[in-house]
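Trainee: Each chain is listed here by its residues.
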Amino acid sequence: MNALSSIFGYLHGDDGWNILSGLANTIILWLVGSVLGAALGFFIAVARRYGPKPVDWLLKAHVEVIRGTPFLVQAYLLYFGGPYLCLALGDGSVCLTLEPFHAGLLGLTVYGSAYYSELFRAGFEAIPRGHIEAATTVGFTRWQTLRRIILPEMTMLVLPSMVNMTILLLKETAVLSIISVKELKFQVDIIGNRDYAFVESFTILALVYWALVEICGAVGRAAEARLSRYRFAHS
Amino acid sequence: MSIVSAIRVSGVVKRFGSTAVLTGIDLDVPRGAVTCLLGPSGSGKSTLLRCIAFLEEATDGIIEIDGEPLGFGLDPDGVRMRLPDASLRKVRSKIGMVFQQFNLWPHMTALGNVAEALVTVRGLGRVEASEKAMAQLEKVGLAQRATHYPSELSGGQQQRVAIARALALEPKIMLFDEPTSSLDPELTGEVLNVMRSLAETGMTMLVVTHEIGFAASVASKIVFLDHGKLLVEGAPAEVFGKPRHPRIDQFLDTYLDRGAAGLL
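The listed protein sequences correspond, in order, to chains A and B.
The numbering used here numbers the first residue of the first sequence as 37 and each following residue consecutively.
The numbering used here numbers the first residue of the second sequence as 46 and each following residue consecutively.
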């Protein structure tokens, strides 16, 4: 208990409040980023599968670039490079100048979307063709097949890797402290720097992230258990 | 005076790239009877069936269901042309299809699999669809398995659910693509029994099968394909009786070798 009391011994003033608000920001960035990232990833996967060839190439390039560069570098480029990205509009021009939080959320969403889209793409390909043909022969339209057959089957196929990816995204939120997003790592850093309590503050960080990951994992396992009876029938 | 065939296949050609799988098939499938498509692997019999289900688009030729062209028709100048989707859906709704791999949807119960299209495609309410689906499951002897998921059913039971799923939409014609080829002999029997009783109701059936015994006893017409061509067609007695086409002889030998002489 000595270590813990020494950790909390450093906290004073608004520290508790700042840590809580950092935690809240981390959770918001994580959940909203995951949901938007998964949604965008899904549209990327659908567009690549059903769209014209050039769209596929374009999105493939996007996925390759995002997967091929560190998130740290992407966050830097988006936040510090964004203001140089301008669109000439009539008299003036509009530049990609974002608040740190918005830049962080956008970066996380785009970063996540590349990975999620690959999960969905693999999920699409793992659905047996025959299941789709069966839907065709009973008169389903393409849209009905997507909604009633492909999406539910894909969900149970990709769920374990979705949970995994969502956990990875949580940990990537810590990177956003370098563009001064006031998330958990940013707030704990301030306290650690102020009091030279680096080990203590990073220990707290590790424990909090780990707790969040465990909660996410438990939710994922519960969802998988619910879906397990839908496992593929062997023929 | 000719009666319109249930299925009329005229000059159907199917190529995959430069490989010709069907090289000009003409075939009439009579109404209210069982027609069996036989032939060695790679003879094109499954491809022909899949063209008739419009899961494959024939490269050339016309397929008519009940006198109506399926997917492709002839324009006034006699040129083959693609028909609108609405027409395709209407003609296709006369056909039910059963697959070798059953292809039940794993996230739905047996009842859900049968009821799904009644709701999604026919627009019935959940309750009415369930009642109709239940009646179909009873016909294939699986009412007590209605709430089971495909993963909880044996292969034979899955295939019977798949038959019920196709029948629920009240098709005029049922296509079977090697319906027992992935089943062991015991489970094969239960599926063939369901198919026999379906045949007794006067359903028009076109069956791709390796079950020579079933073909000989239930079919009123046998069609033998070889290398993408229709080699022999006729009543079982004509096709299997002597004198036989040498190719059929050769084909049957492989069965007789396995002790199936008593079936013929």
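No lab work stands behind these hints: they were computed from the structure.
Among the hints, a few may not be true.
[To be verified] Below 20 Å or equal to it, Euclidean Cα-Cα: the simulated SDA-like pairs (lysine to any residue) are:
#1 B/LYS135 with A/THR172
#2 B/LYS135 with A/ILE168
#3 B/LYS139 with B/GLU215
#4 B/LYS217 with A/GLY175
#5 B/LYS217 with A/THR172
Trainee: Does each hint fit the structure? Answer for all of them.
Mentor: Comparing the hints with the structure gives:
{"no.": "1", "hint": "B/LYS135 with A/THR172", "verdict": "13 Å, holds"}
{"no.": "2", "hint": "B/LYS135 with A/ILE168", "verdict": "19 Å, holds"}
{"no.": "3", "hint": "B/LYS139 with B/GLU215", "verdict": "8 Å, holds"}
{"no.": "4", "hint": "B/LYS217 with A/GLY175", "verdict": "14 Å, holds"}
{"no.": "5", "hint": "B/LYS217 with A/THR172", "verdict": "17 Å, holds"}
Every hint, counting from the list given before, is met by this structure.
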